[in-house]
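Trainee: Below, each chain spelled out in residue letters.
Protein chains: 4
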Amino acid sequence: MPKKIRLGILGGGGDSLIGVLHRIAAFINDNYEIVGAVFSPEHQESLDFAKEIDIPLNRIYKDFDTLIEEELKLPEDERMQVCSVQTPNFLHFPMAKKLLDNGFHVICEKPMTMNYEEAKILQEAHKKSGKVFALTHTYTGYPMVRQMREMIKAGELGKIHKVDAMYYQGWINPIIHDKEKRSSVWRLDPKKAGISSCMGDIGVHAFNMIEFTTGLKVKSLLCDFNYLYDDNQMDVDGTVLIRMNEHVKGVIRSSQVATGEENRLAIAIYGEKGAFRWEQERPNFLYRMSDTEPTQIYKPGHAYNSELSLDGTKLPPGHPEGIFDSMANIYKGAAKAIRGEKYNDGEFPTMQDGVRGMNFIENTVASHKQGNVWVEMD
Amino acid sequence: MPKKIRLGILGGGGDSLIGVLHRIAAFINDNYEIVGAVFSPEHQESLDFAKEIDIPLNRIYKDFDTLIEEELKLPEDERMQVCSVQTPNFLHFPMAKKLLDNGFHVICEKPMTMNYEEAKILQEAHKKSGKVFALTHTYTGYPMVRQMREMIKAGELGKIHKVDAMYYQGWINPIIHDKEKRSSVWRLDPKKAGISSCMGDIGVHAFNMIEFTTGLKVKSLLCDFNYLYDDNQMDVDGTVLIRMNEHVKGVIRSSQVATGEENRLAIAIYGEKGAFRWEQERPNFLYRMSDTEPTQIYKPGHAYNSELSLDGTKLPPGHPEGIFDSMANIYKGAAKAIRGEKYNDGEFPTMQDGVRGMNFIENTVASHKQGNVWVEMD
Amino acid sequence: MPKKIRLGILGGGGDSLIGVLHRIAAFINDNYEIVGAVFSPEHQESLDFAKEIDIPLNRIYKDFDTLIEEELKLPEDERMQVCSVQTPNFLHFPMAKKLLDNGFHVICEKPMTMNYEEAKILQEAHKKSGKVFALTHTYTGYPMVRQMREMIKAGELGKIHKVDAMYYQGWINPIIHDKEKRSSVWRLDPKKAGISSCMGDIGVHAFNMIEFTTGLKVKSLLCDFNYLYDDNQMDVDGTVLIRMNEHVKGVIRSSQVATGEENRLAIAIYGEKGAFRWEQERPNFLYRMSDTEPTQIYKPGHAYNSELSLDGTKLPPGHPEGIFDSMANIYKGAAKAIRGEKYNDGEFPTMQDGVRGMNFIENTVASHKQGNVWVEMD
Amino acid sequence: MPKKIRLGILGGGGDSLIGVLHRIAAFINDNYEIVGAVFSPEHQESLDFAKEIDIPLNRIYKDFDTLIEEELKLPEDERMQVCSVQTPNFLHFPMAKKLLDNGFHVICEKPMTMNYEEAKILQEAHKKSGKVFALTHTYTGYPMVRQMREMIKAGELGKIHKVDAMYYQGWINPIIHDKEKRSSVWRLDPKKAGISSCMGDIGVHAFNMIEFTTGLKVKSLLCDFNYLYDDNQMDVDGTVLIRMNEHVKGVIRSSQVATGEENRLAIAIYGEKGAFRWEQERPNFLYRMSDTEPTQIYKPGHAYNSELSLDGTKLPPGHPEGIFDSMANIYKGAAKAIRGEKYNDGEFPTMQDGVRGMNFIENTVASHKQGNVWVEMD
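Protein chains in written order, with the numbering used here: chain A, 3 to 380; chain B, 3 to 380; chain C, 3 to 380; chain D, 3 to 380.
The following residues of chain A were derived to be distant from chain D, with all beta-carbon distances above 10 Å:
1) E54
2) N117
3) W188
4) G303
5) L312
6) K338
What follows is a set of in silico ranges between Cβ atoms, one per label pair, in the way DEER data are often shown:
7) A:G342 to B:E80: 11 to 21 Å
8) D:D293 to C:D180: 35 to 45 Å
9) C:D180 to A:D17: 41 to 51 Å
10) C:K53 to B:A156: 49 to 59 Å
11) D:S185 to B:Q354: 38 to 48 Å
12) D:K53 to C:K53: 24 to 34 Å
13) D:D293 to A:K75: 49 to 59 Å
14) A:P96 to B:A156: 44 to 54 Å
In case anyone wonders, no lab produced these hints; they're calculated from the structure. Backbone N, C-alpha and C define an ideal beta-carbon position, used for all residues, glycine too.
Kindly produce the complete structure, drawing on both the sequences and the hints.
Mentor: Dropping the structure here:
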């Protein structure tokens with residue numbers, strides 16, 4: 003019988019989107035309990051945020067070093083088992099390393115480090131530690147991505163001969179064409195954002211997706227970046243030609259100036275016996291193509307899926323996983339009402355909806371039974 | 003600053019899908035804390051399940067009446083504030099009524115009651131109680147459903163003149179054509195499932211969606227059911243002609259024998275100045291049509307959405323809300339590893355993925371800077 | 003070896019859309035030659051139109067009766083074999099009848115007649131004549147509609163138990179809400195348009211599609227029309243509950259006030275072993291669903307299709323049949339240039355396009371062969 | 003008033019797909035009349051084919067040189083005005099050149115020539131001739147492709163900064179992995195197919211599409227081909243990095259081993275103020291995206307389209323242009339019946355369909371008028 007794992011959080015406070023995503027993810031399968039955190043560099047902000055999400059304050063530490071120090075004083079069966087690193091990028095490496103060195107498991111946001119050198123040092127630390135290190139390449143958790151991987155591993159596409167991945171966003175478009183904006187945003191400042199914007203932030207997801215699904219490794223690459231303006235030092239767009247093992251060629255395209263694109267991560271994998279196409283914005287639809295048969299649409303939750311895919315699905319087919327969120331919105335509305343806060347009509351269905359529903363059902367039965375006649379609602 | 007609401011759970015234990023959905027929804031916005039429950043009619047099962055999801059055992063009661071009795075003994079600031087009713091349908095009414103009568107807020111699964119008579123009694127109890135009653139018509143929580151409602155309310159479609167809603171599933175198809183199966187499944191037994199199968203279980207969602215989005219009320223209806231076999235007493239399919247106020251006509255179609263359909267709830271609303279189309283299986287895409295302009299695709303999270311819609315979105319556009327689930331799958335895999343349980347390759351990205359990612363990013367920069375030449379991965 | 007059939011045209015002159023459609027259709031498979039016509043009630047207009055589309059003038063008759071009279075004087079191997087009736091609705095019956103009575107084959111637009119009484123008379127005339135009578139229910143000619151029919155006939159869906167068809171357009175919306183417009187348009191004048199607008203014009207296509215694809219017959223129906231305004235006498239929207247043989251139930255929805263809908267004819271057929279979904283606006287995609295397998299997308303031209311379907315496809319898969327039209331637009335542009343008429347840049351690709359294309363191809367080879375280096379275009 | 007242009011055909015006989023496409027395209031807008039041809043290198047085959055499609059035999063010449071010679075003897079107002087070159091690729095250049103040199107207009111299939119050298123020579127001949135030369139880059143004729151071009155020209159996307167085009171097919175997949183097949187198919191034999199397979203056959207369409215829609219020119223490129231096997235000398239897949247004028251970068255991807263892809267030509271164009279996405283397999287849907295507004299779906303035939311786009315549309319919105327083909331299939335079925343040939347049930351709607359349709363319409367009226375009651379079909 004599982005017991006919840008004691009989880010610490012580093013970063014992710016305030017309005018952090020990544021913070022919400024990690025907290026919900028940690029909860030969803032009843033596996034983790036947040037026992038402590040450093041949500042912010044300001045201690046008071048950390049404490050305030052802890053109150054806001056209503057978790058105990060006694061292990062909200064003033065900084066990361068204190069967290070390590072204090073947690074190590076606790077008996078092992080009370081001590082945090084794992085920390086989730088959600089801080090700005092440059093802190094990923096030092097925090098992850100110190101956590102591993104002190105015997106904590108680590109869940110870490112990407113990019114894992116600021117550069118490859120740090121990555122190799124961290125790899126060594128990880129080996130020595132014997133601890134779990136999980137990197138949150140979020141998109142590999144989708145049931146249909148897992149399904150691709152398992153079917154490819156089982157040989158269902160035959161030998162792979164071509165891969166094609168893309169990750170297009172458009173959010174830098176309204177920034178890049180304005181000289182003042184593009185020289186002030188931290189994302190385009192190499193001192194703050196590291197050596198790469200587009201490839202480092204999103205291209206790497208497409209790269210990871212290719213290796214994850216095919217089991218192949220990129221062996222060499224040729225890349226062309228696009229800066230759009232001479233005074234801009236960061237890539238906002240780029241194309242990478244790749245060569246993988248087993249003589250597979252492919253291409254990775256990545257852009258942050260693909261105007262109007264939201265979060266278009268997509269992958270196509272072509273093999274001797276078949277092919278896959280998948281897009282992140284419609285994550286429940288996996289297209290399997292072949293030379294001679296009708297294209298098939300694989301969807302989550304069906305018995306025809308692999309064990310790995312089914313392990314990642316909680317509801318029957320046809321319930322887009324966003325349904326958790328839809329239900330959560332109703333709980334949120336009800337919470338406002340319960341607390342006596344102001345809420346808008348429409349935030350949750352009410353008694354009146356229930357009464358009308360029952361009236362509707364009874365009337366449909368009455369209309370049918372009386373020979374398909376009109377009946378009046380109350 | 004919000005404090006978590008003390009929540010009790012009735013039903014929803016074991017493998018209950020509805021239980022998972024409610025627990026996650028309750029957590030997602032940091033509004034609720036589960037303080038007690040009767041997960042199952044068997045006390046031991048309730049206790050076991052509480053251990054499994056790792057919540058305190060001291061308020062896991064042996065039955066519903068005991069829960070009421072014991073909770074009322076607690077001081078008000080410890081007592082459950084709200085109970086979520088997720089039991090079999092016939093218990094919704096007695097539980098909800100007793101909860102309201104004893105001063106608890108109620109969140110209740112649908113159908114609210116077994117019939118219209120009970121519904122009206124419950125409505126009276128609710129009025130007397132002054133408490134919050136929220137019915138979980140889940141689909142009304144989707145951001146784009148809320149957006150439809152708000153835009154219609156703001157007059158953007160002009161006068162509505164036609165509505166068209168459907169809810170098609172196919173799951174009864176493999177049952178209905180087998181005489182033994184159809185005579186043994188509880189869903190098709192009027193004693194257990196009530197007066198209606200298809201209309202009561204899913205048609206009522208389509209009905210609710212119409213009234214929720216348009217603000218109009220169904221005034222009269224004419225219905226035809228489909229039983230498929232003479233020895234089957236429950237509707238497994240049906241069509242309802244409706245007449246609403248303001249001379250609006252429409253149609254509701256509902257089926258549980260629409261072979262191969264998963265969970266196809268869809269609505270179209272036609273007005274003088276424009277129209278909407280929305281489907282539950284692609285909940286992030288809202289189509290707005292007009293006589294003369296290109297059709298527009300509204301999506302969640304954009305600034306052009308209404309306040310009610312934006313209140314239900316947590317991530318930027320292009321992140322289907324199922325992304326919480328994808329991330330949760332990664333946390334789940336890491337949890338297995340942390341506990342030392344068996345897990346499959348691919349359940350979470352590892353150190354190796356991080357190292358390769360950094361190597362990739364650095365190599366793209368190197369290839370570009372050296373004049374678009376091939377560089378080797380480590 | 004086929005020889006072209008001698009075709010006469012009744013109606014379809016000037017800007018008639020139906021005229022263009024029939025002329026192109028008659029040409030496409032090299033089966034027909036237009037030998038004569040009455041394009042318009044005004045003889046001069048008929049002659050002018052014949053000149054415009056450049057066909058011989060000697061058999062452009064002043065009216066229908068003259069056409070019959072004169073053609074009968076011709077030797078049989080010169081005489082028109084078939085006439086295509088594309089006139090206003092009220093002329094379909096008298097013309098078709100006289101043609102059949104005089105030994106001509108008939109291709110006739112729908113609605114076949116103004117009422118059922120005429121239809122039965124025409125049926126008698128047809129039987130006596132021994133001639134071919136083809137009614138242009140256009141949509142049944144789509145390859146994927148034919149594929150549905152053949153697969154259903156072969157039993158691939160098992161016993162059908164539910165059908166669902168719709169035909170929604172929105173074009174009456176800008177008319178119906180304006181009292182003057184709705185009282186003056188001929189479509190809403192029962193004297194000119196017959197007993198039904200929406201059902202007669204488009205609902206009947208949905209009806210025909212159901213019977214065509216399933217091979218079943220509608221046995222009884224219950225209908226509700228929508229007029230929107232009391233002073234409007236014609237149905238602009240309606241829903242029909244249907245009962246077919248073999249205990250199949252279904253529904254037909256039809257609307258001309260579905261704001262923003264263009265020409266949305268769609269059908270879904272649910273059977274014991276599987277189901278089909280098809281939409282006219284994406285005619286090359288036929289979805290086959292089942293309880294347990296991934297949904298399949300059938301497309302035209304593949305070897306897996308039936309003989310009847312393949313007989314209706316001329317190009318390889320992936321060429322939407324509209325490609326004929328795209329090529330025709332290029333021929334049209336070239337025709338303007340050849341005649342020395344004014345044309346816009348972009349109406350057809352020029353020499354310059356060809357030169358650049360060859361330059362491009364050679365440069366791609368050069369870049370690759372030289373080791374993936376940049377090469378300059380001329 | 004237009005008169006038909008006298009057209010000669012070179013190649014395109016027998017089962018030639020390109021022949022069908024050109025003949026139908028030439029007919030569709032009533033602009034051309036086929037007056038002569040050399041359909042095949044074998045004179046008898048040319049004559050047989052002319053009989054099959056039922057055109058006069060007197061100007062079916064034994065070879066191309068004879069055609070030129072004999073046509074030049076005819077008076078100018080009888081002589082062919084334009085020839086359409088649909089022969090194997092290596093004949094495009096000599097035929098087009100001789101036609102231009104002798105004062106004929108030319109419509110020519112692509113690739114225009116076998117190499118760039120020939121292309122430049124042909125360009126000179128064209129200049130000297132003063133005649134029209136149209137290259138059939140078919141896809142530029144689609145109404146929505148024209149619409150992209152016109153809106154971009156009008157500045158609606160602002161400054162373009164990124165282009166992305168692809169053309170993926172999969173048809174070489176079943177050939178390439180079989181050593182015997184890949185060494186025998188003419189497409190992979192450089193002696194017969196020229197210097198490039200994938201880029202020459204389809205990549206060049208993507209290239210042309212980019213220049214056509216944006217009005218920009220590719221200035222330099224870097225290319226990587228994929229041969230898959232060492233003993234294969236022809237590119238079957240390739241990626242091209244491109245740099246255009248005005249500092250625009252982009253990428254062209256092309257493949258003939260994209261297993262299961264049919265004819266996936268797609269283009270995306272990103273500009274400062276907006277973006278376009280279009281796919282050939284759904285040619286009637288043009289997506290216009292922006293940073294802040296809902297994505298819009300442009301469709302053919304609407305008044306909001308440009309003159310150039312509307313000039314290429316013949317039917318109202320919602321009629322996919324493939325409808326010509328659907329109607330043509332019905333005419334084809336009727337032709338079989340008229341000739342007394344064998345035909346299958348379902349090839350065209352019959353009298354019986356018409357009678358049932360009228361019965362249906364009358365019954366819907368009766369059911370509605372009698373108060374929504376069931377009525378029986380005959």
